[in-house]
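J.: What follows is the residue order along each chain.
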Amino acid sequence: MKDSKIKRELIKSFKKHRLENISIKLNEKIVFLEGTIDSYEKYIIAGHLAGRNSIIRGVVNNISYPEKKKTQKKKGKDEFIGSADVVIVGGGITGCSIARELSKYKLKIVIIEKDEDVSCGATKANNAMVHSGIGEEPGTLKQKLCVQGHFLFEKLSKQLSVPYRQCGMLIVITKDSLEDLKLPSFLSNFLAKYVIPYIILRRGKKIKVPLEKISRMKILEIEPQLTDRTILGISSPTYGVTSPYEFCIALAENAVENGVDIRLNTEVVGIELEENRIRNVITTEGKIRTGWVINAAGVNADEIAEVAKDRFYTIHPRKGSTLLFDKSNAGYISHNLSFFQFPMKEHTKGGGAMVTTHGNIQWGPTAIEIPDKDDLSVSKDEIYDIFEKYSRLLPNFSKKSIIAYFAGIRSATFTEDFIIEASKKIKGLIHVAGIQSPGIAASPAIAMMVADILKNEGLTLTDNPKFEPLRKNHLIIRELDFEKRKKIIEKNPLYGRIVCRCEEVTEGEIVDAIHSNIPAKSLDAIKRRTRAGMGRCQAGFCLPRVAKILSRETGKPIEKIMKNSKESQLFIGKSKCLLEETDGD
Amino acid sequence: METDVVVIGGGPAGLAAAAIASQQQVDVTIFERARELGGILPQCIHNGFGNFIFNKMLTGPEYAQHYIDLVKKLKIHIKTDTTVLKITKDKQIIATNSKDGLFKIKTKSIILAMGCRERTRSQILLPGSRPAGIYTAGTTQRLINVDGIMLGSKIVILGSGDVGLIMARRFILEGAEVKGVFEILPHPGGLTRNIVQCLEDFDIPLNLCHTITEIHGKKRVTGVTVAEIDRSTFNPKKGTEFFIPCDTLVIAVGLIPENELSKQVNISMGPNTGGPVVDNNMQTSEAGVFACGNVVHVHDLVDDVTISSELAGKAAAEYVKNQIKEGALKSIHPGKNVFYVVPQHIRCDLKSSVTLYFRVKNIMKNAEIKLTEKNYIVAQKKERIVKPPEIVKIDILPEEANKIKQSVEVSVEGELF
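Chains as they are written, first to last, in my numbering: chain P, 1 to 585; chain R, 586 to 1002.
Worth double-checking, as some hints may not be accurate.
[Claimed, not checked] Dumping the calculated DSS-like pairs for lysine-lysine here, alpha-carbon to alpha-carbon at most 30 Å:
id, chain 1, residue 1, chain 2, residue 2
1, P, K68, P, K108
2, P, K327, R, K691
3, R, K906, R, K921
4, R, K689, P, K491
5, P, K69, R, K803
6, R, K664, P, K399
7, R, K972, P, K400
8, P, K327, R, K803
9, P, K425, P, K69
10, P, K2, P, K144
11, P, K104, P, K208
12, R, K972, R, K915
13, P, K487, R, K684
14, R, K739, R, K803
15, R, K804, P, K68
16, R, K822, P, K400
17, P, K380, R, K946
18, P, K491, R, K899
19, P, K389, R, K822
20, P, K345, R, K823
21, P, K424, P, K309
22, R, K657, R, K899
23, P, K208, P, K193
24, R, K671, R, K689
25, R, K906, R, K946
26, R, K803, P, K70
27, P, K486, R, K691
28, R, K848, P, K487
29, P, K399, R, K915
None of these hints come from the bench; they were simulated from the model. Just so we're clear, the structure is a prediction, and the values are computed from it rather than from any experiment.
Sequences are here, hints too, so could you generate the full structure?
T.: Laid out in structure tokens, this is it:
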């Protein structure tokens, strides 16, 4: 199809949706939208209309809307701080997977991460599912990589000593699944019993993912807490659940063990080109000389593409909020449960009620388009929507056992598929953008695909003979048996002192995290590595203790201890410090 | 290792129970996870403790010190900085610390005295972001009073429980600005004396029927949105929202008995107390396992904790010596306008009177409290006023208790306030 024809069709559909005064330009299957619109909702509709045709490579949505904020650009530093064969922008699961994969070759690799730790974006705040690919749009890149990636998870988790549970997923069809269609009951019953299972099973066959139809009787036997309105289920046994931040940290630590360099608190602000080739990456800390840049910047991938002068997509943040319930519910369900609903909400598989690798249960996530890339707030409506939705699956579950809720931002593009390709304009630039769900499951396959792209683009990949796939052992004291635990405490008494009582985390483990090869420098970084503060009291008990250990081990005064990023100061100083101030007036 | 009585928790409940048990010539071991004894008391530097037991107004540390001194004088094994990890069904305890490492200890009797923990912002489904600067009231109290760390300068307090009220005053004395205390209910959650001494005396506004509808701030709290509550639906009233800039949000929305260890021994839990079901000896449904203090239900006054814990300590020692009387078990149920009552059982024949502690559901004037079995009144009492935040007591004499056939109900009638 020619650009001009696509454009004509787009103009028509924009008119139909009453999206006026918007200029549509097309260039090599990339849509550029300009103009002004009166709401963010319409901005999203316009972008999705432009990206709907699967022939479109990307949508750059520059339409302005009332609440649009101008981002302030940070300044870079001019002096050189190093050089690398490959610079990876972004230390999320995508960037860290790529770094670890590339560390199998003799390359000098640097990860640049703007936050104080790896795994700080969507990686730390999703529902931890390792999808099988059955929920993805057939024929998409994300489906292909998801199917490939999820089969690799078990082995990879073992190598990295990260918990992984191949719990399987049950897609549950209930009497409420088709209610929005408002059909006569015999018809909706027929659809639910025969047509829908047939369609899902056929989809599974196509992508070679095992699926099985489960009768009402059997599904209620394996998940007795499921609603009595259950009609039947489809089991996807290769579904799993990981601990995404632990997985990401483990990838990063193993990458560092294999020679990768990580620069935290460093933001990429520019890219210098030389005859349309990558030359230098400019960061807030200085310049890095390199020939290859991998843009794995998550929600900010479009901004990185912009500074590399090859922006052909816009990221529109889509927030997902998840509710976390206490471990006392461990065993309440044994599979991930997803509530089948038709028609499906656009651009989400709809989440589920999930087990976790640590015994908690999670419900969610939601899917809400928001203009702000770092708005991690959870609204009351979201909480109640999740309660309502999954109470339909698990009507007797105690919602009172909620211990936390959190939000993550999906980095969605308007074409709603992964964009993983070498730049057609800038030599040395690789886009790894639009990595939303199932980005966790796909991450091992994404990393392999990126290595292939680099090879095809002319980067020489020589095997690194020193590559060690196993992450150095890290101790989890509560998991040791009595004798081993006793012995290890004899060697280091700090493993005997419990600091976080809800999750049984010892002082020794906290000290280990602070001095690990990617040192935990904030309370949240310690939490992600050790689980201190993740339990039912949500750090009420251990917060002062962990903060003091961090202060002691790093030599920083207590008021310099952060919850996470810079400016997330926990304390203002010693008690009476405010009175001293007024005395001086 | 072996002992007669293991006391889990070295707060006011554990200390009182341990002292009494030890005085009955049994071998007692206390496990306390903090480095110091006293539980929550060392951080409660305000006064108002000990009015009933000592007839004076002591501070928390003073009250605690009395029992710490007592316990140290007795031949009690004290293991501080020690966390109990597991209790097995055959009364074996696994604990860990940095001095002895991981160890097991076999005991004849266990006293559960782990206290309680605070409810968090998640448990009340408080919407918004998750920045630094959100603390529970007890955590702020520990940070300021024990650790000497100041948390913020512009404070909003959600909930009018006692710790929240006391911390409001503390923040003022520390030079911070307290923007107000917000309470969702039409009546305050804390004791009247704390409303007067901590808020009114310091001109801190108390906003009843208000709640926080959103927390703002990405890195550190920048403010909260507050709204008035519709009294019938408990939902925020549209159009009443207003923004309060602040850097710290203190959550004082109640306490939860900490019973994760209790659940390992499979004892029955009370429906509204959050703690184990106990009899007049503070014995749980498991023989030889006793519970006392805030593990059983959340107390208003430490004096009551001490009194009931002494019962537990005495009974645990008697259990070890096989002296405990196994009378018929009679149950006590909450009736009209009563949220819960403790103990839930009494064993007859009693030699001394039993105090029943109960919490009412609503504020009532000229309240008539009755203990009835069907139409028969076992005991009764009048109170000028009863309120949900203030525990009500009624004593049953042995001769009254012995008349109970199977079960009695505690009910309250009066004028709704």
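J.: Take the hints in turn and mark each one as holding or not.
T.: Status of the hints after comparison with the structure:
{"no.": "1", "hint": "K68(P) x K108(P)", "result": "violated, 39 Å"}
{"no.": "2", "hint": "K327(P) x K691(R)", "result": "holds, 28 Å"}
{"no.": "3", "hint": "K906(R) x K921(R)", "result": "violated, 40 Å"}
{"no.": "4", "hint": "K689(R) x K491(P)", "result": "holds, 19 Å"}
{"no.": "5", "hint": "K69(P) x K803(R)", "result": "holds, 16 Å"}
{"no.": "6", "hint": "K664(R) x K399(P)", "result": "violated, 37 Å"}
{"no.": "7", "hint": "K972(R) x K400(P)", "result": "holds, 25 Å"}
{"no.": "8", "hint": "K327(P) x K803(R)", "result": "holds, 28 Å"}
{"no.": "9", "hint": "K425(P) x K69(P)", "result": "holds, 29 Å"}
{"no.": "10", "hint": "K2(P) x K144(P)", "result": "holds, 27 Å"}
{"no.": "11", "hint": "K104(P) x K208(P)", "result": "holds, 29 Å"}
{"no.": "12", "hint": "K972(R) x K915(R)", "result": "holds, 27 Å"}
{"no.": "13", "hint": "K487(P) x K684(R)", "result": "holds, 13 Å"}
{"no.": "14", "hint": "K739(R) x K803(R)", "result": "holds, 17 Å"}
{"no.": "15", "hint": "K804(R) x K68(P)", "result": "holds, 21 Å"}
{"no.": "16", "hint": "K822(R) x K400(P)", "result": "holds, 24 Å"}
{"no.": "17", "hint": "K380(P) x K946(R)", "result": "holds, 27 Å"}
{"no.": "18", "hint": "K491(P) x K899(R)", "result": "violated, 40 Å"}
{"no.": "19", "hint": "K389(P) x K822(R)", "result": "holds, 25 Å"}
{"no.": "20", "hint": "K345(P) x K823(R)", "result": "holds, 29 Å"}
{"no.": "21", "hint": "K424(P) x K309(P)", "result": "holds, 11 Å"}
{"no.": "22", "hint": "K657(R) x K899(R)", "result": "holds, 18 Å"}
{"no.": "23", "hint": "K208(P) x K193(P)", "result": "holds, 23 Å"}
{"no.": "24", "hint": "K671(R) x K689(R)", "result": "holds, 9 Å"}
{"no.": "25", "hint": "K906(R) x K946(R)", "result": "violated, 41 Å"}
{"no.": "26", "hint": "K803(R) x K70(P)", "result": "holds, 18 Å"}
{"no.": "27", "hint": "K486(P) x K691(R)", "result": "holds, 18 Å"}
{"no.": "28", "hint": "K848(R) x K487(P)", "result": "holds, 28 Å"}
{"no.": "29", "hint": "K399(P) x K915(R)", "result": "violated, 33 Å"}
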